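Quick mapping for you: the protein sequence lines, in order, are chains A and B. Residue 1 is where the first sequence starts when you use my numbering, and the numbers rise one by one after that. Residue 272 is where the second sequence starts when you use my numbering, and the numbers rise one by one after that.
Some hints could be false.
Cβ-to-Cβ under 7 Å is the rule here; a few derived chain B residues that face chain A [stated by the list, open to error]:
#	residue
1	Pro464
2	Arg466
3	Ser467
4	Gly468
5	Gln469
6	Ala485
7	Ser486
8	Gly487
Not the full set, but computed from the structure, chain A residues with beta-carbon under 10 Å of chain B [to be verified]:
#	residue
9	Gly10
10	Asp151
11	Ser152
12	Met158
Cross-link-like lysine-lysine pairs, in silico, DSSO-like; alpha carbons within 30 Å at most [claimed, not checked]:
#	chain 1	residue 1	chain 2	residue 2
13	B	Lys543	A	Lys193
14	A	Lys246	A	Lys217
15	A	Lys145	A	Lys104
16	A	Lys69	A	Lys104
17	B	Lys547	A	Lys145
18	A	Lys246	A	Lys104
19	A	Lys217	A	Lys11
20	A	Lys171	B	Lys522
21	A	Lys3	A	Lys69
22	A	Lys3	A	Lys246
23	B	Lys547	A	Lys193
24	B	Lys522	A	Lys193
25	A	Lys145	B	Lys522
26	A	Lys104	A	Lys171
27	A	Lys11	B	Lys559
28	A	Lys11	B	Lys522
By construction, these hints were calculated from the structure, which means they are not laboratory data. On a predicted model such as this, the values are computed, not experimentally measured, just so you know. Don't be surprised by glycine CBs; every beta carbon is placed ideally from N, CA and C.
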Amino acid sequence: MGKVLVVTSGKGGVGKTTSTAALGAALARGGENVVVIDFDVGLRNLDLVMGAERRVVFDLINVVQGDAKLAQALIRDKRIDTLSLLPASQTRDKDALTLEGIDKVIAECREKFDWVICDSPAGIERGALLAMRNADVAVVVTNPKVSSVRDSDRIIGMLDAKTLRAERGEKVEKHLLVTRYDASRAARNEMLKVEDVLEILSIPLIGIIPESEEVLKASNIGSPVTINNPTSAAARAYFNAARRLKGDQVDVVVPMQRPGFIGRLFGRRVA
Amino acid sequence: MRRHHVLGRFWAQPQPVAVGAEGYPHYFVPALGIPVDPAAASRYFGVVTTSDTKPLIRLRGRSIMALVLAPEVPLTDWLNALDAQMERSPNFFDARPVVVDLGSVPREQQGVAQFLQMLEQRGIRIIGTEGAHPSWDGIEAWGRPLPVSARPGREIEPPPASSTTAATTPQSLPPAESVPAGAEVNALLIDHPVRSGQSVVFERGDITVLGSVASGAEVMAGGSVHVYGTLRGRAVAGLAGHPGARIFCSKLQAELLAIDGVYLTADGMPAKAIGKPVQAWLDGERMKISVLD
Chain A
1 MGKVLVVTSG KGGVGKTTST AALGAALARG GENVVVIDFD VGLRNLDLVM
51 GAERRVVFDL INVVQGDAKL AQALIRDKRI DTLSLLPASQ TRDKDALTLE
101 GIDKVIAECR EKFDWVICDS PAGIERGALL AMRNADVAVV VTNPKVSSVR
151 DSDRIIGMLD AKTLRAERGE KVEKHLLVTR YDASRAARNE MLKVEDVLEI
201 LSIPLIGIIP ESEEVLKASN IGSPVTINNP TSAAARAYFN AARRLKGDQV
251 DVVVPMQRPG FIGRLFGRRV A
Chain B
272 MRRHHVLGRF WAQPQPVAVG AEGYPHYFVP ALGIPVDPAA ASRYFGVVTT
322 SDTKPLIRLR GRSIMALVLA PEVPLTDWLN ALDAQMERSP NFFDARPVVV
372 DLGSVPREQQ GVAQFLQMLE QRGIRIIGTE GAHPSWDGIE AWGRPLPVSA
422 RPGREIEPPP ASSTTAATTP QSLPPAESVP AGAEVNALLI DHPVRSGQSV
472 VFERGDITVL GSVASGAEVM AGGSVHVYGT LRGRAVAGLA GHPGARIFCS
522 KLQAELLAID GVYLTADGMP AKAIGKPVQA WLDGERMKIS VLD
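Next up, chain B with everything else stripped away, as it sits in the complex (with noise of 0.2 Å):
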């Protein structure tokens, strides 16, 4: 009888998620090397027998931002309201997960599961609802109650206008060039440096930085992430489940790199690449870095 040491990854693909398929991932793994602590090691640190080898069941955490809709009554009214802003901005709910906050709704309130479902026709996808009565009819096809968090979370601003979903915080910056409406564009430009404590959000593809990324500043696109001029703080590329997208610099003094939720800090960064014009890409599921000449 055989016996093997079977050691579960921490950074395994991630598995289809009932949940947002399209995926938020603001999970990280580790690119290299297990953060090696003997007694949490020894949890996934087994020895079994080959005749009784299982299929080994992953398990990750995942955060996922969903929007959070709070519809007051009357319902028509605040449906109306909502079809108002959808023709503003038609782009605004596209393939983001949303949360439907049932609280403010009373608990004699008619037809609720029915009003759910002329929202999903309206292309908002639905993942959960809060405070909804038990009593209503047909509420349970809508998914199980998620556990109330007491915080209410940030306000988003609606876009005013079709464009891009450059979502800035904490302090918003405007994307250079303004879209004409309608058009798709994938990409966002940033005339200016990041500083300090800023970071820029761009989930519809990549993000090009004419100036340097400061310490302490974040740099988040769904593509690539190209900075020209020095990358001191945080880079993200692939933030929506992209793994082939780069992070591109002309100067790597980064805190943190990050593609498609595998990241390396600084420590990590090999010394021959640092303040040198580099890239960096995932080779399975490890970060390469290399030095452009």
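So here's chain A without its partners, still in its complex pose (with noise of 0.2 Å):
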């Protein structure tokens, strides 16, 4: 039986496609089974971080609705062959997920792969509610701003509320992913620092992933920063973040691109 995560943030843009993408693909890597699902119907993403957009036929609704079967839908990454990818669908509803369908997929997936990863779209709505409602792990993804620390504690509210296992009266495990962080801003005061929104959302840190040019890049090309780079900071620390998942015992630091040549010639701030 597989676990089923839930990457989650309540705002938007805060970086939860580009860590699914990422989490998923060192996941996978690692030897493991992995299924990356994106719930954002209608603002699909996730197929376009893992360059699989013009490999679509098929969606989770198709499945949901049973239209497709999940086999049919699922599309398997051509860089590592032990990560799939169920994609949103871009042109219909949402409320066309219904609570027996999406749990009929997950059971699925469970009974498939090691892990079944849920991009949740940004908000509190049904979307996000859905995507996180069969979890029993979340990663919960944060910049270190006050507005995207308080919505993830919102978040971290409805995981502990409006989840299966909260239904059941257990726990979902959740962990912190504070993404975009700038360790020099934050030292100016420009950005909380990582211990202030440890000591508001109270939830263990599996990773810091510092704001770099090349999770962007990753994202335009269509590659997961851990498939795409995988030795640069970023990368590391999702990789990190993805060996405290399965339990791993890492410390986690604030890790830092290593200099190269020219930058240890000029200095770390070049432009």
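Each of the two chains sits in its own frame; use the hints to bring them together as a complex.
Written out as structure tokens, the structure is:
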């Protein structure tokens, strides 16, 4: 039986989809069987970030409504064969998702995969609730900004109240992933420090992803950063986060991009 | 002839009102000063002569949370169902004002006034009726009909067994400890952080939170509020008109503190108390905050 992981945040634009792709690829590279599911019906992005947008035939809604079998809708990644994608529909309305349909699809994915990673839409509406509904584990993605932190806090409350586990009186295991972190700006108090975020949210930290060109570049060419540039600071942070999700004890550090030769000659800030 | 200025006070002590003697004071009055808007202030600021000083009439708005009971015909069956419900949770209607919505009772129904009397005999405190038909015998004794509100109000689940009135909205947080049937426990313990958007309301006594209260969360207690963590959201103590209630927290970063209707926003809190362990209490009509050492 696989584990169901929801990547969620409340706020939009904090890096849920990027993190879903990067964590999925990182887990898959470690030999795990992984499926990433896009729950953002109507605004699907995960196919783009995974570089599979030209290969979408059937989607989550087709499977939920019984128009297609799960196996028909799954898109296997060309770079890592243990990684699959179940895309969202771009044209349909999210009301087409039913509770029973979602539960059935997730149950089927659980049988087939070690990890079922659900990429939640932003907000706290039905779409986000459906994405978190079956979760055993949650990764709460937060930027070091007060608005993002408060939205995450709201989502954590919902994870404790609105999931199937919560209804059964069990807990969803929650982890914090701080993204777009800039240590120098945090030092200048232009950003919240990681300690502040942790103090407010009080859930365990699984990674700090630095603000990085590499992440943006990787998203734009349709390749998760953990595939595109596995030695970059951001990719290393995602690999470590994936190991922590598997239960390994790894210390969380603020990863730094190792300065290249030119960078070392001219100091850290070239631009 | 002496002339002096009379300034209407916004924060006068509540006068006994006909309705809700216990009160469910969801009212807030400012703790400090008066918001000075010259146009508005002039209405309260008048010149009177000593000889014709009259008692100042104080008016204040107050909203009351009332339960709405909507009986259905046949009324006897409905009463039986109500009795069964009250047997399961005998304290449910205690001290709660109730409005009876008679909208679904047909016009030709007999004995509506007697029916209301039977409700009252069961300890239900009826403060008014809605949708009553004037042709019913003796109905006027049950107070003037309230203006019919368009919104039916939120459905409230009666508690399954006799227990604390921990009405938590919008997400229900079960009390950390289950209360044995029959025992009156006047405290609610929350053993986890209160997250943004959550609201914990406990009218019967104190609330203790082991953890922080997030920005955008609120904790409202009939008694005192104790937060063993950082208080970033709102804390309201003395909800049911209890000026002796206090608020305690390990670290003050609250958006709002209120005790018995007197409130203080973050801007009004003394800078030296921010970030410190504090207690807040009422000294007359002013809120005092002191740092706990």
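Hint check:
no., hint, result
1, Pro464, "6 Å, holds"
2, Arg466, "3 Å, holds"
3, Ser467, "4 Å, holds"
4, Gly468, "4 Å, holds"
5, Gln469, "5 Å, holds"
6, Ala485, "5 Å, holds"
7, Ser486, "5 Å, holds"
8, Gly487, "6 Å, holds"
9, Gly10, "9 Å, holds"
10, Asp151, "8 Å, holds"
11, Ser152, "9 Å, holds"
12, Met158, "7 Å, holds"
13, Lys543/B with Lys193/A, "23 Å, holds"
14, Lys246/A with Lys217/A, "27 Å, holds"
15, Lys145/A with Lys104/A, "37 Å, violated"
16, Lys69/A with Lys104/A, "12 Å, holds"
17, Lys547/B with Lys145/A, "23 Å, holds"
18, Lys246/A with Lys104/A, "25 Å, holds"
19, Lys217/A with Lys11/A, "22 Å, holds"
20, Lys171/A with Lys522/B, "27 Å, holds"
21, Lys3/A with Lys69/A, "21 Å, holds"
22, Lys3/A with Lys246/A, "10 Å, holds"
23, Lys547/B with Lys193/A, "20 Å, holds"
24, Lys522/B with Lys193/A, "18 Å, holds"
25, Lys145/A with Lys522/B, "21 Å, holds"
26, Lys104/A with Lys171/A, "21 Å, holds"
27, Lys11/A with Lys559/B, "37 Å, violated"
28, Lys11/A with Lys522/B, "27 Å, holds"
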